[in-house]
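Once you've looked at the hints, dock chain B against the given chain E.
Letter by letter, the chains look like this.
There are 2 protein chains.
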Amino acid sequence: MNIVIERPPRGIMISTWRMSYQGLTEAGKLLVSGSTLPEAILHSVKSVEDNEKYVSVGYGGLPNREGEVELDAAYMDGNTLEVGAVMAVKQIKNPIEVAYDLSHKKRSSVLVGTGAEMYARQRGFAFKNMLTESSFQRYLKERTLDKDEEKRTAYEGHDTVCVIGRSGEHMACGVSTSGLYMKHPGRIGDSPLIGSGFYADSSAGAAAATGVGEDIMKGCLSFAITEKIREGVAVQEACEQCLLQHLRRLETLGYGNGGMSVIAMDKEGNTGAATTLSAFPFVISDGKECKIYIASGNQENGEHKIFIPDSQWLEECSADWIFMN
Amino acid sequence: MNIVIERPPRGIMISTWRMSYQGLTEAGKLLVSGSTLPEAILHSVKSVEDNEKYVSVGYGGLPNREGEVELDAAYMDGNTLEVGAVMAVKQIKNPIEVAYDLSHKKRSSVLVGTGAEMYARQRGFAFKNMLTESSFQRYLKERTLDKDEEKRTAYEGHDTVCVIGRSGEHMACGVSTSGLYMKHPGRIGDSPLIGSGFYADSSAGAAAATGVGEDIMKGCLSFAITEKIREGVAVQEACEQCLLQHLRRLETLGYGNGGMSVIAMDKEGNTGAATTLSAFPFVISDGKECKIYIASGNQENGEHKIFIPDSQWLEECSADWIFMN
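Chains as they are written, first to last, in my numbering: chain E, 1 to 325; chain B, 1 to 325.
Careful, some of the hints might be misleading.
Identical copies go unnamed one by one, so any copy, or any two together, can satisfy a pair.
Think about it this way: if two alpha-carbon atoms lie no more than 27 Å apart in a straight line, the pair counts; the simulated DSS-like pairs of lysine-lysine are [stated by the list, open to error]:
| hint | residue 1 | residue 2 |
| --- | --- | --- |
| 1 | LYS53 | LYS291 |
| 2 | LYS151 | LYS90 |
| 3 | LYS105 | LYS128 |
| 4 | LYS93 | LYS29 |
Source of the hints: derived by calculation from the structure; they are not laboratory data.
Bound conformation, chain E alone:
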């Protein structure tokens, strides 16, 4: 007689950038100990929002050109296709919580600016001055440089935290960002836009993007990748194909490569990642282990190496943002 020991339905989660490591480690454990998928995703995103060290998300985020921290966040449930998002909100401590709350509404579930702040206030969400002294000093210095706004890349202090999770057959994703550094007030990138910055459908898969939002949205990258997975393309190839195809299109049209990176998961929990950068760190937790990976792409054929960076690689890697984020 065989004794079948049922493994607890541990979840699998994938997230963007090294900054998400701590939160994803904790979130993976939460799933194992019985927390729901939304709880795990919210925990991992909030962990980045609350950490002032990370200057591209939440508290301590880099301000717009008027010196105000404006935040975007979105949440999507892959079982119900429920979507909630807030855009360009000020002084909301955890924008991802408001986005998640909004996702339960059938109407007025995507709110921008002061209307979104009004909603958050009426629903009792925490408010806070999100501009830290350190981000303000960096802003004052940046302001003197008189850079060309039209040429800013994503890596002058802009990385979105994106988290995709799966628990049982339930998939969902959450994203949060303070947007492009020194942006115009009210500027929105791809992050809070469904299909561009994120998409989740438990019957196919989920994807999310980080990088120059104005470029990512032109190709609705997250929806495109999810649909490619739905067609039966393996998740890693789906990421590579969609990103390379879009990059080539943008190059043909004369756009520079300001940096775009994507993560994705199919409905079986297989993961993928791709980037137009030389190296893109992302994190995977299977509930037992949580590890940082590097995706490094061949810009000719779009194929990627995915590897766990050893200490030598990290030492030799000269890119500041690898360490910062």
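Coordinates of chain B only, in the frame set by chain E:
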């Protein structure tokens, strides 16, 4: 010897709702007389924005639940993939003009709320009190009814004007709306969201949507239709397939049919339209003639009849919105 008389490259344009008829008639003539595609699209959208009779777009638009008219608009160029959009802006006379202006920017090309208004003011765009006495009176009456916000359909005074145009091999589209009647302040539907409310790519086609934005965005309908056209599916079938598939999915998830309609054009200038309503009026101009059509769908198999309504049909049609819009 054959004498070949070259026909001037007259454009073709398609737009949503009867309210777009006058503007599209004029825009078609503009294209013939040498105006550019953006000029023609802006003219047709502005014609609806400026007409206070149309309570779902621009001047005289129905207000949000606080009595404020908040407007969304977007413009996309199919040659360059340039995108500009404004969301939840107040008192801007022609939001489509600001969206078009923003589309020329490589960064900060999508702006929301007060940030977008600041941009419009600094760029010299006209401001105006967009709330008419008639819309305000309607608001005061509606406010007493205490309707369930979560069940509002698109046809309690919400239709987006969407215009897709092609001139030579150049495609583009523009959309404008005052959004869902009695919406929460700051609420955004599908209209200003790339891929959901609109998409244009001259190398494939273009599509745009009108109806309950919260439902349309869950399927990124405009991008989905454009990609279906790119795969080689005929434009009418692309509209029907994508809309039916999405409606079925929403029904399975327990969503009601709040109303969704789409228009599309392929890169050869062939047009299509589909709806989940009993009848959906749209307009086509080939520069010589401009006609109102009705799309009427079979809710079982998704196939549509497209016909020119005669006076008898219009008399027998009891739906108010057919006449209003």
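Practice task
Indicate which option fits the pair LYS93, LYS29 if close means a Cα-Cα distance not exceeding 27 Å: within, between, both or neither.
Solution key: This pair counts as within: shortest intra-copy Cα distance 24 Å, inter-copy 53 Å.
Practice task
Indicate which option fits the pair LYS53, LYS291 if close means a Cα-Cα distance not exceeding 27 Å: within, between, both or neither.
Solution key: This pair counts as within: shortest intra-copy Cα distance 20 Å, inter-copy 60 Å.
Problem - Alpha-carbon proximity context of LYS105 and LYS128, limit 27 Å - result: within (25 Å within a copy, 32 Å between copies)
Problem - Copy assignment of LYS151 with LYS90, given that the CA separation must stay at most 27 Å - result: within (25 Å within a copy, 29 Å between copies)
Comparing the model with each earlier hint shows no violations; every hint is respected.
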